[in-house]
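Starting from the known structure of chain A, fit chain B onto it as the hints suggest.
Protein chains: 2
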Amino acid sequence: MNGAESLLSTLTNSGIDVCFTNPGTSEMHFVAALDEVEGMRCVLCLFEGVISGAADGYARMARKPASTLLHLGPGLGNALANVHNAKKGCVPMVNIVGDHATYHLHYDAPLTSDIEGIAGPVSHWVHTSEAPEHIARDAAEAIRQAGSHRIATLMLPADVSWGENPAGAEPAVSIGAPAKVSTERIAEAAIRLRSGKNCMIMMGGGTEVTLERGHKASQIAEACGAQLCTDVFPTRVARGEGTAMIERLPYLAEMAVDRLKDVEELILIGAKSPVSFFAYPDVPSAIAPPSCEHFVLAENEDDIDQALESLIAALDAGETPPRIHELALCDAPRGDLDANTAAMAIAHHLPQDAVIVDEAITSGIAVAPMTATARRHDWLNQTGGSIGWGLSAAVGAAIACPQRKVVCLEGDGSAMYTIQALWTMAREELDVTVVIFNNRKYSILELEFARTGARGGVPGPKAASMLDIGKPNMDFVAMATGMGVKATRASTAEEFSAQFAGAMKENGPRLIDAQVPSLSG
Amino acid sequence: MNGAESLLSTLTNSGIDVCFTNPGTSEMHFVAALDEVEGMRCVLCLFEGVISGAADGYARMARKPASTLLHLGPGLGNALANVHNAKKGCVPMVNIVGDHATYHLHYDAPLTSDIEGIAGPVSHWVHTSEAPEHIARDAAEAIRQAGSHRIATLMLPADVSWGENPAGAEPAVSIGAPAKVSTERIAEAAIRLRSGKNCMIMMGGGTEVTLERGHKASQIAEACGAQLCTDVFPTRVARGEGTAMIERLPYLAEMAVDRLKDVEELILIGAKSPVSFFAYPDVPSAIAPPSCEHFVLAENEDDIDQALESLIAALDAGETPPRIHELALCDAPRGDLDANTAAMAIAHHLPQDAVIVDEAITSGIAVAPMTATARRHDWLNQTGGSIGWGLSAAVGAAIACPQRKVVCLEGDGSAMYTIQALWTMAREELDVTVVIFNNRKYSILELEFARTGARGGVPGPKAASMLDIGKPNMDFVAMATGMGVKATRASTAEEFSAQFAGAMKENGPRLIDAQVPSLSG
Numbered sequence: 103m104n105g106a107e108s109l110l111s112t113l114t115n116s117g118i119d120v121c122f123t124n125p126g127t128s129e130m131h132f133v134a135a136l137d138e139v140e141g142m143r144c145v146l147c148l149f150e151g152v153i154s155g156a157a158d159g160y161a162r163m164a165r166k167p168a169s170t171l172l173h174l175g176p177g178l179g180n181a182l183a184n185v186h187n188a189k190k191g192c193v194p195m196v197n198i199v200g201d202h203a204t205y206h207l208h209y210d211a212p213l214t215s216d217i218e219g220i221a222g223p224v225s226h227w228v229h230t231s232e233a234p235e236h237i238a239r240d241a242a243e244a245i246r247q248a249g250s251h252r253i254a255t256l257m258l259p260a261d262v263s264w265g266e267n268p269a270g271a272e273p274a275v276s277i278g279a280p281a282k283v284s285t286e287r288i289a290e291a292a293i294r295l296r297s298g299k300n301c302m303i304m305m306g307g308g309t310e311v312t313l314e315r316g317h318k319a320s321q322i323a324e325a326c327g328a329q330l331c332t333d334v335f336p337t338r339v340a341r342g343e344g345t346a347m348i349e350r351l352p353y354l355a356e357m358a359v360d361r362l363k364d365v366e367e368l369i370l371i372g373a374k375s376p377v378s379f380f381a382y383p384d385v386p387s388a389i390a391p392p393s394c395e396h397f398v399l400a401e402n403e404d405d406i407d408q409a410l411e412s413l414i415a416a417l418d419a420g421e422t423p424p425r426i427h428e429l430a431l432c433d434a435p436r437g438d439l440d441a442n443t444a445a446m447a448i449a450h451h452l453p454q455d456a457v458i459v460d461e462a463i464t465s466g467i468a469v470a471p472m473t474a475t476a477r478r479h480d481w482l483n484q485t486g487g488s489i490g491w492g493l494s495a496a497v498g499a500a501i502a503c504p505q506r507k508v509v510c511l512e513g514d515g516s517a518m519y520t521i522q523a524l525w526t527m528a529r530e531e532l533d534v535t536v537v538i539f540n541n542r543k544y545s546i547l548e549l550e551f552a553r554t555g556a557r558g559g560v561p562g563p564k565a566a567s568m569l570d571i572g573k574p575n576m577d578f579v580a581m582a583t584g585m586g587v588k589a590t591r592a593s594t595a596e597e598f599s600a601q602f603a604g605a606m607k608e609n610g611p612r613l614i615d616a617q618v619p620s621l622s623g
Numbered sequence: 103m104n105g106a107e108s109l110l111s112t113l114t115n116s117g118i119d120v121c122f123t124n125p126g127t128s129e130m131h132f133v134a135a136l137d138e139v140e141g142m143r144c145v146l147c148l149f150e151g152v153i154s155g156a157a158d159g160y161a162r163m164a165r166k167p168a169s170t171l172l173h174l175g176p177g178l179g180n181a182l183a184n185v186h187n188a189k190k191g192c193v194p195m196v197n198i199v200g201d202h203a204t205y206h207l208h209y210d211a212p213l214t215s216d217i218e219g220i221a222g223p224v225s226h227w228v229h230t231s232e233a234p235e236h237i238a239r240d241a242a243e244a245i246r247q248a249g250s251h252r253i254a255t256l257m258l259p260a261d262v263s264w265g266e267n268p269a270g271a272e273p274a275v276s277i278g279a280p281a282k283v284s285t286e287r288i289a290e291a292a293i294r295l296r297s298g299k300n301c302m303i304m305m306g307g308g309t310e311v312t313l314e315r316g317h318k319a320s321q322i323a324e325a326c327g328a329q330l331c332t333d334v335f336p337t338r339v340a341r342g343e344g345t346a347m348i349e350r351l352p353y354l355a356e357m358a359v360d361r362l363k364d365v366e367e368l369i370l371i372g373a374k375s376p377v378s379f380f381a382y383p384d385v386p387s388a389i390a391p392p393s394c395e396h397f398v399l400a401e402n403e404d405d406i407d408q409a410l411e412s413l414i415a416a417l418d419a420g421e422t423p424p425r426i427h428e429l430a431l432c433d434a435p436r437g438d439l440d441a442n443t444a445a446m447a448i449a450h451h452l453p454q455d456a457v458i459v460d461e462a463i464t465s466g467i468a469v470a471p472m473t474a475t476a477r478r479h480d481w482l483n484q485t486g487g488s489i490g491w492g493l494s495a496a497v498g499a500a501i502a503c504p505q506r507k508v509v510c511l512e513g514d515g516s517a518m519y520t521i522q523a524l525w526t527m528a529r530e531e532l533d534v535t536v537v538i539f540n541n542r543k544y545s546i547l548e549l550e551f552a553r554t555g556a557r558g559g560v561p562g563p564k565a566a567s568m569l570d571i572g573k574p575n576m577d578f579v580a581m582a583t584g585m586g587v588k589a590t591r592a593s594t595a596e597e598f599s600a601q602f603a604g605a606m607k608e609n610g611p612r613l614i615d616a617q618v619p620s621l622s623g
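Protein chains in written order, with my numbering: chain A, 103 to 623; chain B, 103 to 623.
Worth flagging that the hints you see were computed from the coordinates, not collected in a lab.
Take these hints with a grain of salt, some might be off.
[Unchecked claim] Keeping only pairs whose Cα atoms sit at most 25 Å apart, straight-line, the calculated SDA-like set for lysine to any residue is:
#: 1; chain 1: A; residue 1: K588; chain 2: A; residue 2: P619
#: 2; chain 1: A; residue 1: K282; chain 2: A; residue 2: Q505
#: 3; chain 1: A; residue 1: K607; chain 2: A; residue 2: Q505
#: 4; chain 1: B; residue 1: K363; chain 2: A; residue 2: D210
#: 5; chain 1: A; residue 1: K564; chain 2: B; residue 2: T114
#: 6; chain 1: A; residue 1: K564; chain 2: B; residue 2: M142
#: 7; chain 1: B; residue 1: K573; chain 2: A; residue 2: P619
Okay, chain A solo, but in the shape it has when bound (with noise of 0.2 Å):
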């Protein structure tokens, strides 16, 4: 077989069976190898963007990475920023980048650049293969350093690819297993927890709170009378029925940092210490006071589930009810459609197993709360703080777990970062709900212009065009038709929720645009 081949067999091999593309000249090999080579789905994407923010949705609910191939240095450039957020989301990504054949590149053709430089800032593992009996190795190795929470990307030479590789293929590649938490630490764990101190468990990162998780961290919080906590953004964290009421950190540094004003001892679960998103003059940086003391219990790599365990044990609490949602669902609202009539009409309406894609910004604020106690749902977050993520990790969310309902939410300008994702879902029939809060605003910039003190708080007239996107109004419907997915607009609350209810009793893609107002009217 030739490399192209021998890398598909090693990824396929290892169980890495879904390839997010748009491939060019130098990855046509790799292309023929599709057809030689069974069992890998490559799902075709309209910009790079949408590749790599797919390759992430589909990681954390397939749990295991996607690869993704990618055309040189642009291609990867163009993927650049939800690789960023993969990476800052602890999410794995076997990323193939192809480049021109080895004995070309000195020659400085217009797409000869620096790969391996773009694509070391987000990275973990950057590799380029030298020639074609060495591709399966170094795609096995890709593999081995993308584990469950990493990134690796591997430089694929067109020679490389269309060189003839006698080895063949690697057989699967064995993941490591989580590291186990040592009983120091978890006696440790529970000496703090029981010192009297005003303690906050506070998970989240890139760890996936489960519902199991959740059970458990919430007995711990009960048995010690410690106070439960996700981050701001975590990854990916189970809710509604029957999950454990976890209170999620304010985004707003100032209502983070008065949240844990109190707070002596953080007992941190894949999260981090918390930090404020940006600086703002006058803020600080850290949201815990400074008295305030850490202690890691586990890191997102770390057998989490085992450590919950073994603290349950030592504390124990094993009788101890985890404090748990019931099923309260919203009324259907009326009225006047904005942020809180919408985030109601999604309650009320969330089928069971939904997947929500939040990345509806300041217009996604109410969803949260009122989905607290709608039926059990998996959330995903923007965990890099790069926009354009929210449709690209819908198509790969929906990619990896066809049998459930996949809702997207998305701000109209963050939307419009990836807007190419929607022909991704036409075109795999994905089942995504797309629901456009369409505020004409970058509504978040308004507030962040206000807390950063810029000008006094407030814009002048050319600083207030720069956070306005509604001149001319984006007709979300119309793209979304023009890429074959079938759009309704909403003004009422009434029309949103008849609208909502309705693609989610139906199968395959749908967008929303919903008019609503920006936080500033």
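The following block gives chain B in isolation, referenced to the frame of chain A:
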């Protein structure tokens, strides 16, 4: 004034008075400064790929750099592909990349990344400003480093932006004059051109082929019996009535190799020795035969006009007339709409002083030959091979030249990379007519698949599906309308011709969704 204000003043003092941006929280003080400092036109784009593409198109037509304002590492990542294209085209750009406050970096907030690392591969100069009192000096250095052909990327931490800078702004930066080409080099060129060998003068690269330069090069070629051509993708070329007849090297390496097989001496002006765009099994990377001598008359940064004038003097070619295109318009086409009839209509109706931005790939192949004798126009090529440049470059060209009609020729696949550019065309009421050659294929990749010889040159069904963007078909009329751009669909040559003629007579953004067959039908 604060750092942001001194930065802004330093830019405008040096005539950098356009900034393409999509700012975020870390850039709010820069945004605020727009209302405090006179003279900066700030153009909002919905995605950073549009920003850098627009800065490229602007600089080519304005003959001075634009600035960009980008949001941390991911914002720069989104811009990266079109910065790459500009770098390969030797187009100057001054990128300002906001970052977290210096003291906030070590907290590793979600948007923290190695921005210098991302910037390095696509910049000639990278620097992080470390204090408010440095920012004006650093900005002046960025302008100097960008000069007329380079990429300068300056990181602006938020506290450098909001801190006080008592020193204020820097005065206008003087860009060094281009280097004179030595008498010895001119004499050597004259000897080579008069050697009796088969000589070819090749212009292009980042060197603009102006009307005057074309005439002079043609005089030289005529006086010496040399051939005259440009490389495949020169950055900017004056074409049409009254311009010199200058051949263009073919894109296909096989054809280019054949074209140059008898050339014994290449005289290079701006252009580099031609190389194959990609590597293919059994196709040479270098286009010129191994025996061909190369002589660099002038590099991009040299004084091209002086070099040509001196060479004319050395050859005593001042009286030799250049070979000039006379006006000869194609007939308006009738019948089926395809690459040829669309090109005829464009050539027939193109108004005087139009600017053609070409990213039409396979479908645009007939436009260049047919417009060779059209009314005078400038032609901008895609210089770095990363698709998603055209619509964005058209935005910048239209802002640089508000009195000229910009015609953007786009493939459907490449259009989707930065489709968000349409919104900025509508918002700024730019006089751009976009022609989408909608053939529902990555047609170039069908050709490239065959050229690479993968799977015997014949894609299997899975490979074929990766080259097919017609499931679902994209409706560019709907998408453009959704972003506020008037749009029509053309399915016959008569419809296209009438719509294009109408667009040429009107002012403002307009899109034509031209339904054409792909190369493979």
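These are the hints, each one checked on the structure:
| no. | hint | verdict |
| --- | --- | --- |
| 1 | A/K588 / A/P619 | holds, 24 Å |
| 2 | A/K282 / A/Q505 | violated, 33 Å |
| 3 | A/K607 / A/Q505 | holds, 13 Å |
| 4 | B/K363 / A/D210 | holds, 21 Å |
| 5 | A/K564 / B/T114 | holds, 16 Å |
| 6 | A/K564 / B/M142 | holds, 10 Å |
| 7 | B/K573 / A/P619 | violated, 35 Å |
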